[in-house]
Each structure stands twice: as C-alpha cells, then as structure tokens.
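*Asks:* Below are the chains, spelled out letter by letter.
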Amino acid sequence: MLQGERIALRPFRESDFDAWYRLMAEDVEVSIAGSGTWLPQTVEAARHRWHSILDASPDDRINFAVTIDDRCIGSIAIKFIDRRSQNAWLAIVLDSTQLGQGYGRDAVNTLLRWAFMIENFHRISLDTWSTNERAIRCYKAAGFVEEGRMREAAWVNGQRVDIVEMGVLRPEWLERQQRS
Amino acid sequence: MLPVIRPEVVPGERIFLTTLLQDDVPTFTEWFADLETTAYLGAVGAVFRVEQEQEWYNSLAKQSDQINFGIIVRETQHLIGTVGLKNIDLLHGTAELGINIGDKTARGRGYGTEAVRLMAEYGCFFKNLSSICLWFVAFNERGHRAYLKAGFREVGRWRGSYQLGGRRYDKVIMDITRDDLDLSRMSALIHQLGEHGHATG
Ligand SMILES: CC(C)(COP(=O)(O)OP(=O)(O)OC[C@H]1O[C@@H](n2cnc3c(N)ncnc32)[C@H](O)[C@@H]1OP(=O)(O)O)[C@@H](O)C(=O)NCCC(=O)NCCS
Ligand SMILES: CC(C)(COP(=O)(O)OP(=O)(O)OC[C@H]1O[C@@H](n2cnc3c(N)ncnc32)[C@H](O)[C@@H]1OP(=O)(O)O)[C@@H](O)C(=O)NCCC(=O)NCCS
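Chains A and B are the protein sequences, given in the same order. Note that the first sequence covers residues 124 to 303 in the working numbering. Note that the second sequence covers residues 14 to 214 in the working numbering.
These are calculated hints, taken from the structure and not from any lab test. Please read these numbers as outputs of a predicted model, since none were measured by experiment. Glycine included, every Cβ here is placed at the ideal spot set by N, Cα and C. A couple of the hints might just be wrong.
Sample of chain A residues with no beta-carbon within 10 Å of chain B, all distances over it, derived [claimed, not checked]:
1. L125
2. D150
3. V151
4. T165
5. L177
6. A179
7. I191
8. K202
9. D218
10. S219
11. L222
12. N232
13. G281
14. E298
15. Q301
Think about it this way: if two alpha-carbon atoms lie no more than 27 Å apart in a straight line, the pair counts; the simulated DSS-like pairs of lysine-lysine are [unchecked claim]:
16. B:K140 to B:K99
17. B:K117 to A:K202
18. A:K202 to B:K75
19. B:K140 to B:K162
20. A:K202 to A:K263
21. B:K140 to B:K75
Looking at chain A on its own, in the form it has when it is part of the complex (with noise of 0.2 Å):
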C-alpha cells in the first residue's frame, strides 16, 4: 500500500466493483471528464471492461484503488508504459460526491514518488480538455506544467475545446519536494 497524506493507493479487489462501475458507468460528469462521452453501459458490460482493465499485462498499465480508511473512492493508473523512454501517461478519477477536497493532489503525489523513486520513470504525461479546470489546477499543484494545446481536438458538453498536454519531469519534481 502507498501511503498518501489523506489518502492510501492500494490494488483493487473484486470487493471493489461496485465502487468502480458507479465512477466509470454510472457517473456522466466523471465519465466526460475521463473520456470525452458518456454511454449506457450494462453491469455485464462493465464488469467485461474492469477485468479487462485490471488483467492488463503490467508492461502497459498499472492501477491503483485510490482508498479513505480501505474504501476505494476512485482510480488512478498509469498506461501508455515506456519503461525504454522511462515514461509514462497518468489517468485518474475519482467518485463525483468526493472532488475539489485535495484528494486528487494527494493521489497524484502519491503515485509520482512511486513512479519516481520506487520505479525509475524520469517523466510522466497526461492530458485533460481545456474546460476540466478542476483537473488543470489540481495537476499543477502536484507539479505537472503545461506543455501544450492541441486546438479544437474534442467535442466536450456542447462545444469545441482544446486538449491540454501536461508532463511533470523527476528532477522538477524532486526539486519541489525539497522545497515544501
């Protein structure tokens, strides 16, 4: 278990699903949020997708249960793994009743000083609309900078936005934890 300020990073457990599948299935602003739509999906269906996401060779992704006092309240992972380029991209969600209280910071150091330290990546990426501000700022507080806006590359909520790439490099990231 990675132990955050707030919260713990643990593997899922089947307990899990019910947690999982009303962040990913049930939820239309987090599902937006995480990818670019929402669509009905049965219980069958995404119980077919959690295993799938879970049973991932761990050379491409990695998840984490993002846990308050052992109970999961969101996801956060790592894919797109380049263990060659020593980087990879982050994805996180978390249940819509628990956002804008810091937990995603937390998470997202938490996962970093793992990704850092504990394995031996020098950058992790990611990428969010130009309209998630919740997620933009909660991002740079973890140390993330904006490295650029591919124009008018989503269709989110009724309108054209920009996809906004974000990357946080080990030794900027070494570098802050030093300073707080």
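We have chain A already, so just place chain B with the ligands on it with the hints.
*Replies:* Below, chain B with the ligands alone, put in the same frame as chain A:
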C-alpha cells in the same frame, strides 16, 4: 519488371495516394529493417520481420479507426512510402497522422510534404475531421520542415519523452485544423458536388 499500374485514390501533383497491396509486404519489410527509419518513427531499436509486416497489413482491413495509403511517384510509378491516419475518433473529429517515406532515395524531394497535405485534406474532407495532430522527435528537422510546409503548426512538446543513447529529446506536437486547409481538391473529386453544392449547413 514493369511497375504495376495502381489505382489513383487521392490524386496529387507529383504523387498520388493508392491502396496498399499484399505484394507490398516484402517492400515494407525491407523499409522496416532499418534502424534510422524506426528511430524516427518512435520504434527505437526495433526492426520488423515479414510476419509482423504481414500482421500489420492484415490489420488494415479490420480496423476502422485507421486508414493507410501507399505513396506513388507519378514519374516512376514507384511505391516510395506510406501515409496514414490512426486513432480516428469520429465523436471528437480527430486523428493522428503518420508517414514514412521508406525509400531513402526518395526523401528530401518534396514528396513527403505533398503526401502529408493530401492525407490531411482527405481526413478533413472525407472523414469530417476537425483537427489532425502528429508528433516528431526534435532532431527530425527534415520532418519538421516538411510538416510546416504542409501547413501544420507546432502546438507543444512532450519534454524529454524520447531517449536515445541515454540522452533525452523532446517529441514535438503539431496540428492542423479543417479551417487551415483548402479542401477544393477533395471536393473536386465528387463531380456532382459542384462549386457551391447544395449544402444545407
Ligand atoms: C480531476 C480530479 C482527479 C482532481 O481531483 P480533486 O481532488 O477534485 O482535485 P483537488 O481538490 O486536489 O484540486 C482541485 C483544484 O481545482 C479547484 N476546483 C475545485 N472545483 C472546481 C471547479 N468546479 N472548477 C474549477 N476549479 C475547481 C480547487 O480549488 C483546487 O484548486 P486550488 O487548490 O488551486 O484551489 C477529480 O476532480 C476528478 O476525478 N474529476 C472527475 C474526472 C476527471 O476530470 N478526471 C481527469 C480527467 S483528465
Ligand atoms: C519526414 C519525411 C516524411 C519528410 O518527407 P520528405 O519528402 O523527405 O520531405 P520534403 O522533401 O517534402 O521536405 C523536407 C524539408 O526538409 C529539408 N531537409 C531535407 N533533408 C534534410 C536534412 N537532412 N536536415 C534538415 N532538413 C532537411 C528539405 O530541404 C525540405 O525543406 P525546405 O523545402 O524548407 O528546404 C520523410 O523524410 C520520411 O519519411 N523520413 C523517414 C521517416 C520519418 O521521419 N517519418 C516521420 C516521423 S515523424
């Protein structure tokens, strides 16, 4: 052996884009047994065997989120490379462009610029895309200049995301939007569309 006459799917000036053939697979294998080429394409250190090229070729017919064409030089009728769109996302109206002039003797002659431009026009016209992105490694100046000439703009960089020999390089991100492109060459392919067509929106 006389070169095969191939269908002219997307006509350009000095080149045209054509469908790929089973008989091209050995050519791909030759192109992809080259460490310089695979380094530019991001598959650093990799070389691909004929079985892998065959698998890629077979995937073309199955995957609807990508489209790939061969690039033929009009003058010689030779296949010099491939250009394509992948991760075609019709909800968001986006895709990622990739190109390889596999025949090294055909690089630096303006064909890449033209192929990139044609592919972008095809994507925005026939697939209704709004935005097409691509990336190149910061040291690929030839690619950079070709993309600029084709109308792409630099929109960011994934800092230090590419390593070679223990050194880190940026991947540079570029994109082009439908508004950046003149699609009249594509609409001219649909004869009954006419100059102004009967568009209702
Ligand atoms: C993105 C996400 C992981 C961030 O976690 P979080 O716990 O909500 O974020 P934090 O509380 O650490 O930080 C949120 C920041 O946004 C601000 N914020 C909160 N609600 C906001 C809102 N509605 N609009 C704009 N900013 C907001 C907070 O004040 C805070 O910034 P500050 O510290 O500079 O004041 C989480 O909100 C989430 O899962 N959202 C839904 C799914 C999603 O968007 N995933 C990311 C896809 S890339
Ligand atoms: C990148 C690529 C598609 C470009 O196509 P191309 O037909 O070679 O390029 P063009 O001739 O249209 O344009 C090349 C431009 O770079 C310049 N150039 C050519 N060789 C160069 C070199 N070695 N260094 C710097 N610039 C060079 C040319 O002068 C021209 O620019 P200019 O007209 O402004 O002077 C092609 O070279 C290629 O496939 N290379 C190998 C694989 C690859 O890099 N794929 C792209 C990965 S992102």
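*Asks:* Taking C-beta pairs only, is A:N232 more than 10 Å away from all of chain B?
*Replies:* 20 Å, holds
*Asks:* At 10 Å, judged by beta carbons, does A:Q301 keep clear of chain B as stated?
*Replies:* Check passes; 20 Å lies beyond 10 Å.
*Asks:* Taking the shortest Cβ-to-Cβ distance between A:L222 and chain B, state whether it exceeds 10 Å.
*Replies:* 24 Å, holds
*Asks:* Does the claim that A:S219 lies off the interface hold, with its Cβ farther than 10 Å from every Cβ of chain B?
*Replies:* 22 Å, holds
*Asks:* Is it true that the CA of B:K140 sits at most 27 Å from the CA of B:K75?
*Replies:* 17 Å, holds
*Asks:* Quick one, are B:K117 and A:K202 close enough, alpha carbons at most 27 Å?
*Replies:* This hinted pair is violated, its Cα atoms lying about 34 Å apart.
*Asks:* Between the alpha carbons of A:K202 and B:K75, is the straight-line distance 27 Å or under?
*Replies:* 24 Å, holds
*Asks:* Need the status of pair B:K140, B:K162: alpha-carbon distance at most 27 Å?
*Replies:* Answer holds: B:K140 to B:K162 is near 23 Å, not above 27 Å.
*Asks:* Quick check for students: does the CB of A:D150 sit more than 10 Å from each CB in chain B?
*Replies:* It holds; A:D150 is separated from chain B by about 19 Å at its closest Cβ, greater than 10 Å.
*Asks:* With d taken as the least Cβ-Cβ distance between A:K202 and chain B, does d exceed 10 Å?
*Replies:* About 14 Å separates A:K202 from the closest Cβ of chain B, which puts it past 10 Å; holds.
*Asks:* When you look at the beta carbon of A:I191, is every beta carbon of chain B farther off than 10 Å?
*Replies:* 33 Å, holds
*Asks:* Minimum Cβ separation between A:A179 and chain B greater than 10 Å?
*Replies:* Non-interface label stands for A:A179: nearest chain B Cβ at 18 Å, farther than 10 Å.
Checked against the numbered hints given earlier, the structure breaks only hint 17 and satisfies all the rest.
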